[in-house]
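Enquirer: Please put together the full structure from these sequences, using the hints given.
Count the sequence shown with this note's numbering and you get residues 235 to 318, in order.
One thing to keep in mind: the hints can contain errors.
Said to hold, decoys possible - In silico BS3-like cross-links for lysine-lysine, where the CA-CA straight-line distance does not exceed 25 Å:
1. Lys260 - Lys244
2. Lys236 - Lys296
3. Lys244 - Lys265
4. Lys265 - Lys296
5. Lys260 - Lys286
6. Lys271 - Lys260
7. Lys286 - Lys311
8. Lys271 - Lys244
9. Lys311 - Lys292
10. Lys260 - Lys311
11. Lys244 - Lys286
12. Lys236 - Lys292
13. Lys260 - Lys236
14. Lys271 - Lys236
15. Lys286 - Lys296
16. Lys244 - Lys292
17. Lys292 - Lys271
By construction, these hints were calculated from the structure, which means they are not laboratory data.
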Amino acid sequence: LKSGVIDIEKADLNHELIAIDAGHAKVDEDKICVLAKGAVWVCGSDESEIEKNLAQAKDLIKSMSSDNAALAATFSKLDNARMH
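Expert: Dropping the structure here:
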């Protein structure tokens with residue numbers, strides 16, 4: 235896996251985002267396991283915690299990628315998720 239965002243859709247159709255810097259995934263019939271070098275859960279119990287985690291996620295991804303188009307798309311996904 236390259237640096238980016240993993241979007242997890244839960245059984246109740248809510249989504250959780252996890253930013254990763256690099257890693258790999260093992261896909262089985264009933265589960266997916268991700269081993270990442272670094273990860274930030276982009277959620278929180280209040281707005282300030284979410285903002286802090288979002289900033290950490292962006293820093294993590296930015297440190298691993300020099301592709302400006304990919305960075306812009308990833309940051310847009312993170313920002314849009316925060317609005318919902």
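Enquirer: Going straight from one Cα to the other, do Lys265 and Lys296 come out at no more than 25 Å?
Expert: 28 Å, violated
Enquirer: Decide if the proposed pair is consistent with the structure: Lys271 and Lys236, CA atoms, cutoff 25 Å inclusive.
Expert: Given pair Lys271, Lys236 holds - Cα atoms ~11 Å apart, limit 25 Å.
Enquirer: Take the C-alpha atoms of Lys286 and Lys311, compute the straight-line distance between them, and say whether it is at most 25 Å.
Expert: 16 Å, holds
Enquirer: Decide if the proposed pair is consistent with the structure: Lys244 and Lys292, CA atoms, cutoff 25 Å inclusive.
Expert: 23 Å, holds
Enquirer: Is the Cα-Cα distance between Lys260 and Lys286 25 Å or less?
Expert: Roughly 29 Å separates the two Cα atoms, so the pair is violated.
Enquirer: Given the proposed pairing of Lys271 with Lys244, does the C-alpha separation stay at or below 25 Å?
Expert: 24 Å, holds
Enquirer: CA of Lys260 to CA of Lys236, is that 25 Å or under?
Expert: Roughly 14 Å separates the two Cα atoms, so the pair holds.
Enquirer: Please work out if Lys271 and Lys260 have their alpha carbons no farther apart than 25 Å.
Expert: 15 Å, holds
Enquirer: Within a Cα-Cα threshold of 25 Å, do Lys311 and Lys292 meet the stated pairing?
Expert: Holds. Lys311 to Lys292 sits at ~11 Å (cutoff 25 Å).
Enquirer: Can you confirm whether the C-alpha distance between Lys260 and Lys311 stays at or below 25 Å?
Expert: Roughly 24 Å separates the two Cα atoms, so the pair holds.
Enquirer: With the threshold set at 25 Å, check whether the alpha-carbon distance from Lys260 to Lys244 stays at or below it.
Expert: 19 Å, holds
Enquirer: For the pair supplied as a hint, Lys292 and Lys271, confirm whether the alpha-carbon distance does not exceed 25 Å.
Expert: Holds, at about 15 Å.
Checked against the numbered hints given earlier, the structure breaks hints 4, 5 and satisfies all the rest.
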